[in-house]
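If you read the protein sequences in the order shown, they are chains A and B.
So that you can map any letter, position 310 of the first sequence is 310 in the numbering used here, and since no number is skipped, the others follow by simple counting.
With the second sequence counted from 1, adding 330 to any position gets you the numbering used here.
Be careful, since some hints might not be right.
Which residues of chain A face chain B? A few of them, derived with a C-beta cut under 8 Å, are [stated by the list, open to error]: (1) C33; (2) D34; (3) D54; (4) Y82.
Each computed DMTMM-like pair below joins lysine to aspartate or glutamate, with the alpha-carbon atoms no more than 25 Å apart [said to hold, decoys possible]: (5) K513/B x D444/B; (6) K210/A x D285/A; (7) K667/B x D444/B; (8) K716/B x D444/B; (9) K517/B x D136/A; (10) K513/B x D136/A.
Simulated from the structure, these hints should not be mistaken for laboratory data.
For every residue, glycine included, the Cβ atom is placed at its ideal position computed from N, Cα and C.
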Amino acid sequence: MDSLITSARPQWGAPRRRGAAPLTMTATRCCVCDSDDAAPMAVGEDFEYRTSPDYFLAMQCRRCGLVYLNPRPSNETLAQIYPPDYHAFEFSAEAFGFVYRVRRWLEARRLLAYCRGLPAQARILDVGCGDGFHLDLLRQYGQPDWQLEGVDPSPLAATAAQRRGLQVHHGTVQTADLPSASYDLAFMIATIEHVDDPVAVVRAVRSRLKPGGRLVIVTDNTATLDFALFKRRHWGGYHFPRHWNLFNPATIRALASRVEMDLESLGTLVSPVNWVYSIRNSLVDWGAPAWLINLFSLKSTLALGVFTIVDMGFQTAGRGALLRVVLRRP
Amino acid sequence: MANFEANSDCRAPVAVLGAGLAGLAAAASLRRRGQSVIVYEAGKAIAGLAQSFHDDDGFTYDFGAHFITNRLAAAVGIGDRCRTVRYYGESVHIHGRTYGYPFGLLGNPRYLRDGLASRLRPADPHLVNRSAADWFRYTYGRALADEVALPLLEAWSGAPAAELSAAVGNKLQGGIAQALYLKLAAKLSGRAVANGYSHEMPEHPQLWHVYPEGGLGTLCAQLAQGLESAIHLETPVEAILVENEQVQAVRVNGQEQPVSAVISTAPCPLLARLVKGSDRVAAMARFRYRPMVFVNLRLEGRGLLPDTVLWLPEAKFPTFRLTETPLSMPWLAPEGKTLITVDIGCQVGDAIWSMDDESLGQFCLDHLEPLIPDIRRRYLGARALKTPIAYPVYLNEYEGDRQRFEAGTGIAGLYSLGRNGEFAHILMEDIYWRTQDQTRALSSPPASNAPASTLALVN
């Protein structure tokens, strides 16, 4: 990525991507309670990809506690803020080696747990499937008669998934040509925090589910110690400027009731990623040497291992780094 | 403007008086909420006191505030055009010595002893709040108050500290532990961490000062985007028409414009004169502002002051504050040169106010030689900025009225916002957030249990 960085004058702050233009921004309000009474929580930058020179403001809704980006990049900027080297598009074994294999195995176990009790020839939809990582796992470890489909608005992601031989619809769940009341199970894994209107997206998913069908949502959890420690700027879960809505158990519950779905279960999952990225973002922001920064990445087995153990401790207290919610269409 | 009247289904627009930071923030926020607005600005340009001036030699002169927080920059969406301020510091020069502010002053045993004693002695809140003089003496100890805080306050406001309200003191209050923590964070991070710049929102090590490219006018220009057709320059509002304690219209160019509400950022005495049909704000006509002359000295060299700001409490100096802005923002002066701003309180029309730039420059040189012995050799020229409304003066004489006014104008649909309008919140970021809160309340339908007259727009 170094070739993309210009040697900007130091007093101008962090180096920028060559030619990175400021983003067009849109003002927004809380998607859960529709209020715009919010207090500023964090000011950040795109520490990871440097896709723009902007500052970003995370606000917290005073009414319900949702944390959301406001103003946020407008929808036309998606191609800029998700660059071609974005990890959800190219998470290949080559790039991430051993960690990738461990992650695959762990993720497969989790996914299959949600699939228990599915009927024969079950139809499964992965919303925001990226390069098809999760669908690929279901194909490899799940029942051969499952019908697996994905949907993703990024042409890059859809192409990568199709290259794997997966059936992926290009578009959003609202716009793609998906049949209604047809799916037994839907996943939104690390998706809901990226979308502009979580209520509309979850409603659209609901309409695609059969009555009794379930939706599994996995997203960053703001009711955690890593959030409390890094919430003013460097928290990994902000993923500035790509995470637009960040939930805690209370706000995800409120979302479920707003879309009229039954909450089947709500818990947390272990993940080292937000810990590792919170530290990495701090180091990047303070201009730490590259060798130190590189100790904290998705390639760093040591950091991922250590913080997996740390987060396992929080998980036992019900405060794991990720929220895991299962909703059922009544 | 007749189109507003023609369409009776449409809510009448909100009139915003003043196109400075507060007025533009209010207008932008209302517009975002779907409310039509008209901004009336008496001056020739937007930005009011937030304007910057640039000369051909590469110097930048700011009126009033010099930097903003990264949080405000992010909220307005100008972060891409901001530079981080690496350092900001203040010192006090007294009895021929310079002390770091505020903790360096504690190195003086008298200040420390008196300060500690004042902390330990339980004070009667009635006595403390009698006047600014009492407040400072009880809070910081007599030595520090009498030698540093009160002389500065008096030079700043142009009024005796015994006649000023204790509310002035409350504005400066911050926890010592918090201040130390933020100072340490600034040292470690190499960023000018904000310390005492926001009362509305929390301060923390991730909140620091930034400077927008082109000066603070950039902030206002961003807020004004999309409002161009709603902003009327050189169009002063002549009257605000009130009936039954409810705003009905404004008069502009001799014509009445029906409005659903008025947001005024005009100085309160002016607002008092504009309101017709109600005497609820009449008391504000007495409120005073301190006129100031800011003399910007262009000088050879850099680092002529020990810190960005040097406070001068001793009466032998005609100024209470010197600011060498390039110590914090090197880009405000060409390399090898610097700019020192000399703040001089005055009255409109007095000798200081009437002096031309060159005479003011010479006047400053005469008085600053004890501090910078070779200042004449370094001197390149001077440029003065003058304003009749630099700082609100909190006289005890009208403190009761001020507090009532702070709670609301008492006239439905009339809001007074901003540094000059509210007479209270002098910090830029606070103005922004308070304006957001006020416009939110203004544009949301009243809750069923709230008194409609205080919140709702008039239909």
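Hints, one by one, checked against the model:
1. C33: 13 Å, violated
2. D34: 11 Å, violated
3. D54: With a closest approach of 5 Å, the D54/A hint holds.
4. Y82: Interface hint status for Y82/A: violated (19 Å vs cutoff 8 Å).
5. K513/B x D444/B: It holds: about 24 Å lies between the C-alpha atoms, which stays within 25 Å.
6. K210/A x D285/A: Outside the cut-off at roughly 47 Å; violated.
7. K667/B x D444/B: 41 Å, violated
8. K716/B x D444/B: With a Cα-Cα distance of about 38 Å, the restraint between K716/B and D444/B is violated, given a limit of 25 Å.
9. K517/B x D136/A: Not OK: K517/B and D136/A at ~50 Å, beyond 25 Å, violated.
10. K513/B x D136/A: Violated: K513/B and D136/A sit about 52 Å apart, past 25 Å.
In summary, the structure is inconsistent with hints 1, 2, 4, 6, 7, 8, 9 and 10 from the numbered list given earlier, while agreeing with the others.
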